[in-house]
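Protein sequences, first through last, are from chains A and B.
Just so we're aligned, residue 1 is where the first sequence starts under my numbering, counting upward by one.
Just so we're aligned, residue 1 is where the second sequence starts under my numbering, counting upward by one.
Please note: incorrect hints may appear among the correct ones.
Stated by the list, open to error - Calculated cross-link-like contacts (lysine-lysine; reagent style BS3-like; alpha-carbon spacing at most 30 Å):
(1) A:K2 with B:K135
(2) A:K97 with B:K135
(3) B:K135 with A:K3
(4) B:K135 with A:K53
(5) A:K38 with B:K176
Claimed, not checked - To spell it out: a stretch of chain A is covered by chain B in this simulated footprint if at least three of its residues, at any positions, have a beta carbon under 8 Å from a beta carbon of chain B; those stretches are:
(6) 44-58
(7) 68-78
Stated by the list, open to error - Away from chain A, derived, C-beta distances all over 10 Å, residues of chain B:
(8) R130
(9) K146
(10) A153
(11) E201
Hints were generated in silico from the structure; no laboratory data involved.
Backbone N, C-alpha and C define an ideal beta-carbon position, used for all residues, glycine too.
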Amino acid sequence: MKKSQHYTELAAIRGEVIARWNLGNREGSAGNADRAMKHFIIAVRGGSDESLKMIKDLYLNGFAGKEDYTKALQAYQEYLGEIKSRQRDKAAAAHEKFRYY
Amino acid sequence: MSIVDEDYEVSICANCGKGEEESSNLKSCTACKMVKYCNRDCQIAHRPQHKKECRKRAKELHDIELFKQPPSQYGDCPICFLRLPLMNSGSRYQSCCGKVICSGCFHAPVYDNHGNKVDNDKQNACAFCRVVAPKTENEMNQRLTKRVEANDAQAIYTIGCYYWDGTNGFEQDHTKALELYHRAADLNYVNAYNSIGNAYETGKV
Chain A
1 MKKSQHYTEL AAIRGEVIAR WNLGNREGSA GNADRAMKHF IIAVRGGSDE SLKMIKDLYL
61 NGFAGKEDYT KALQAYQEYL GEIKSRQRDK AAAAHEKFRY Y
Chain B
1 MSIVDEDYEV SICANCGKGE EESSNLKSCT ACKMVKYCNR DCQIAHRPQH KKECRKRAKE
61 LHDIELFKQP PSQYGDCPIC FLRLPLMNSG SRYQSCCGKV ICSGCFHAPV YDNHGNKVDN
121 DKQNACAFCR VVAPKTENEM NQRLTKRVEA NDAQAIYTIG CYYWDGTNGF EQDHTKALEL
181 YHRAADLNYV NAYNSIGNAY ETGKV
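So here's chain B without its partners, still in its complex pose:
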């Protein structure tokens, strides 16, 4: 069935009906991908009778993509390889290595080389790379800017949130926040897309 469909697809231009041999030159309509044309003029000439069908099919294609089951939002914990929970209190972001670690791995007891227990909670070190957590806001921001320079999407998004809310020593600046959200979104960071949507909805940008 599928082979027949493919053969049918590459055959002819929808407007002038030719182009069996030079089928590689045929370009499909980008919106609906149902019909093919040999050039731009054919597409424009065919548009009036194709418009209605095209819009219907484009909407169907969009719905198929929209209602597909997406991958899980946060993925797995890099230490225990179990799925990260949705609730933010369960997972924490470390400004050192940029890993999101689950609460279980963060809270688990740590032993040094001699088998003595290290007081992890007091030290508050990152469970992944063992760098001690920043103590002041200033230090935290410095580390985040370093991560931003390394193009870490989550750090960029975090700074964007600080700019949007005007917290953590940043001045409120909506346009700059939106810029940073877009940068994080280009790096395929999912939460940034949602924040962009919310930002446009508020009408502040």
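So here's chain A without its partners, still in its complex pose:
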């Protein structure tokens, strides 16, 4: 279990988004809402919509402030702006398997 935590952290430091989401969940279930929040917002900047949902849940349950939630929403919009392109939209319209967000 300790080994697992170590490697998941290594992955998260190098930018793995699912690892980051996992770490957030572990911190959340351990009761450290502020640390979980930090993990989730980093994951949202990496483009994880699951993390955005988690932040929304934290906000609705009163563990996070309104400014945190708006920050997360802005970060996700920024990510969408970066990945959006006309070529990709065309591909996504052509086939379901090319849907990219």
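Use these hints to put chain B onto chain A, whose structure you have.
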């Protein structure tokens, strides 16, 4: 401020208090990097009073590294230079040249030298190097093994996943899969680290 700090850092051994001139010989505590010692004996002698602070500082340092904003996971598409989306359906890995290409570039129309449109979807060629995609599973595996020999981290990781799940004509072998994950991780392939973490969590290895 920073200059003063640096001057302060290189000054003396934390245990015996000497070593102003031979400061190059002083070695800092690897965990906290707060104190320096002239040799191993000094470090051991100083350990009891340093232990508590050291652990606290080491934890702080770890947190600073953990909560830094990392680089984006997949980087940019090698053709359109836009950021690759997180969703796997958006980007595809080609077993020929080992590039991850975005769906837009993959689906874009292709023209030959005379300006005639080439039916790319039918041909299913790689958008980066124009090699036709493999038709059978066997051919795909052959190409992947070739990429593994060329030390392509993503190919190594893919084969590792096949071994872990026992799919695509591979027999399920968890230890071999873990070995391949470690090999890919040593080549700095990010997803491999996560898979290693998950593998240890399942307790199958």
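Verify the proposed pairing of K135 of chain B with K3 of chain A, using a straight-line Cα cut of 30 Å.
-> Violated, at roughly 40 Å.
Decide if the proposed pair is consistent with the structure: K97 of chain A and K135 of chain B, CA atoms, cutoff 30 Å inclusive.
-> Holds: K97 of chain A and K135 of chain B sit about 19 Å apart, inside 30 Å.
Take a quick look at K146 of chain B and tell me if its Cβ sits farther than 10 Å from every Cβ on chain A, holds or violated.
-> Non-interface label on K146 of chain B holds, nearest chain A Cβ at 26 Å vs cutoff 10 Å.
Counting residues of the segment 44-58 of chain A that have a beta-carbon nearer than 8 Å to any beta-carbon of chain B, does the count reach 3?
-> It holds: at least three residues are needed, and the segment 44-58 of chain A offers 4 whose Cβ sits within less than 8 Å of chain B.
Hinted pair K135 of chain B and K53 of chain A, Cα distance within 30 Å | With Cα atoms ~40 Å apart, K135 of chain B and K53 of chain A exceed 30 Å; violated.
Are the Cα positions of K38 of chain A and K176 of chain B separated by 30 Å at most?
-> violated, 35 Å
Since E201 of chain B was said not to touch the interface, does its Cβ keep a gap of more than 10 Å from each Cβ of chain A?
-> The claim breaks: E201 of chain B does not keep its Cβ more than 10 Å from every Cβ of chain A (closest is about 4 Å).
Whether R130 of chain B stays farther than 10 Å from all C-beta atoms of chain A, as the label says = At roughly 18 Å from the nearest Cβ of chain A, R130 of chain B sits farther out than 10 Å, so the non-interface label holds.
With a cut-off of 8 Å between beta carbons, are at least three residues of the segment 68-78 of chain A near chain B?
-> Not satisfied, violated; 0 residues make the cut.
Least C-beta distance from A153 of chain B to chain A larger than 10 Å = For A153 of chain B, whose nearest Cβ neighbour in chain A is about 12 Å away, the distance exceeds 10 Å, so it holds.
Given the hint that K2 of chain A pairs with K135 of chain B, does the C-alpha gap stay at or below 30 Å?
-> violated, 43 Å
The structure is inconsistent with the numbered hints 1, 3, 4, 5, 7 and 11, although it conforms to all the rest.
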